[in-house]
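Asker: Sequence:
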Amino acid sequence: MSVPLSRAAAAEGLGTFALVFFGPGAAVVQAQTGALGHLGVAAVFGLTVTAVIAALAPISGAHINPAATFALTLAGQFSRTRVLPYVVAQLIGASLAAFTLLALFGLKGNLGVTLPAGSLTQAFILELILTFFLLLVALRSGLPWVVGGVVALEAAMGGPITGASMNPARSFGPALASGIWTAHWLYWAAPLLGAALAVAVNHLLAPTAPVEPQPQQAQEFVPEGDPA
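Taking my numbering, the leading residue of the sequence shown gets 1, the next gets one more, and so forth.
Quick caveat, the hints were computed from the structure, so don't treat them as lab data.
Treat the hints loosely; a few may be bogus.
Per label pair, the in silico range of CB-to-CB distance [unchecked claim]: (1) G34 - G118: 22 to 28 Å; (2) G118 - L39: 19 to 25 Å; (3) R7 - L36: 30 to 36 Å.
When the alpha-carbon atoms are kept at most 25 Å apart in a straight line, the in silico SDA-like pairs for lysine to any residue are as follows [unchecked claim]: (4) K108 - G158; (5) K108 - L47; (6) K108 - G159; (7) K108 - H184; (8) K108 - G37; (9) K108 - G179; (10) K108 - W181; (11) K108 - L176; (12) K108 - W185; (13) K108 - H38; (14) K108 - M157.
Predicted model only: the values in this text are computed from it and were never measured.
Idealized CB from N, CA, C, for every residue including glycine.
Can you make the complete structure from the sequences, with help from the hints?
Answerer: Written out as structure tokens, the structure reads:
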């Protein structure tokens with residue numbers, strides 16, 4: 001039975017709230033206390049994604065990312081009629097989380113806003129590659145700990161250069177609350193392009209027809225008494 005859109009959208013908003021509250025929130029706490037370290041912040045991102053997928057995937061799929069919604073739609077695994085409500089819910093959830101962080105911490109750590117540390121070209125390519133691998137793994141596995149592990153891995157590697165967003169909603173919320181929109185377009189364009197590339201590569205990797213069993217494998221499944 002299909003989950004009503006209102007429930008699914010609420011789950012997306014809640015999941016994206018959790019992602020932004022705990023992920024960029026960890027960056028804010030690191031800026032204030034220095035207690036977590038870069039790898040600690042990356043781990044918080046990964047653990048949050050793992051928990052959100054485990055809890056909310058049965059309700060909404062736990063996209064919590066417009067790029068993920070875009071990828072699943074391109075792959076024919078998600079209804080086009082639900083795309084806009086999902087993206088709106090994700091942006092609202094991210095924004096509410098960012099404003100909650102603003103109320104708690106002020107502009108400490110710029111609320112974890114994503115900013116390129118190098119050139120725009122470097123940041124664009126890195127965000128594209130990070131998103132590509134994240135969504136390729138999500139399309140081919142989808143297991144909470146696998147996707148969360150990839151998020152932590154990529155946040156550890158790419159965080160110092162781009163913030164390792166891989167998610168337009170994750171970048172939008174802190175940008176809105178902080179008023180810092182530097183190169184914000186990059187955090188939409190690169191993830192969406194990376195999502196499209198992940199769908200294309202996944203299609204190439206996926207078998208186009210059922211794999212034929214080997215003769216000795218087929219023999220094992222012949223019921224006793226039937227002709228071989």
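Asker: Just tell me: holds or violated, for the beta carbon distance of G34 and G118 against 22 to 28 Å?
Answerer: Cβ of G34 to Cβ of G118: about 24 Å, so the range 22 to 28 Å holds.
Asker: Going straight from one Cα to the other, do K108 and G37 come out at no more than 25 Å?
Answerer: Since the Cα atoms of K108 and G37 sit roughly 16 Å apart, the hinted pair holds (cutoff 25 Å).
Asker: Could you grab the alpha-carbon distance between K108 and W181 and see if it respects the 25 Å cut-off?
Answerer: holds (16 Å)
Asker: Decide if the proposed pair is consistent with the structure: K108 and L47, CA atoms, cutoff 25 Å inclusive.
Answerer: Holds. K108 to L47 sits at ~23 Å (cutoff 25 Å).
Asker: Are the Cα positions of K108 and L176 separated by 25 Å at most?
Answerer: OK: K108 and L176 at ~15 Å, within 25 Å.
Asker: For the pair supplied as a hint, K108 and G179, is the alpha-carbon distance within the 25 Å limit?
Answerer: The given pair, whose Cα atoms are some 13 Å apart, holds under the 25 Å limit.
Asker: Between K108 and G159, is the straight-line Cα distance small enough, at 25 Å or below?
Answerer: The hint holds at about 17 Å.
Asker: Would the pair K108 and H38 pass a check requiring their Cα atoms to be no farther apart than 25 Å?
Answerer: holds (16 Å)
Asker: Evaluate the given range 19 to 25 Å for the C-beta pair formed by G118 and L39.
Answerer: Hint holds: Cβ distance 21 Å, inside 19 to 25 Å.
Asker: Check whether the Cα positions of K108 and G158 lie no farther apart than 25 Å.
Answerer: holds (21 Å)
Asker: Is 30 to 36 Å right for how far apart the beta carbons of R7 and L36 are?
Answerer: holds (34 Å)
Asker: Assess, step by step, whether the Cα of K108 is no farther than 25 Å from the Cα of W185, and give holds or violated.
Answerer: Cα-Cα ~23 Å, so holds.
Going down the numbered hints, you'll see the structure goes against none, and every one checks out.
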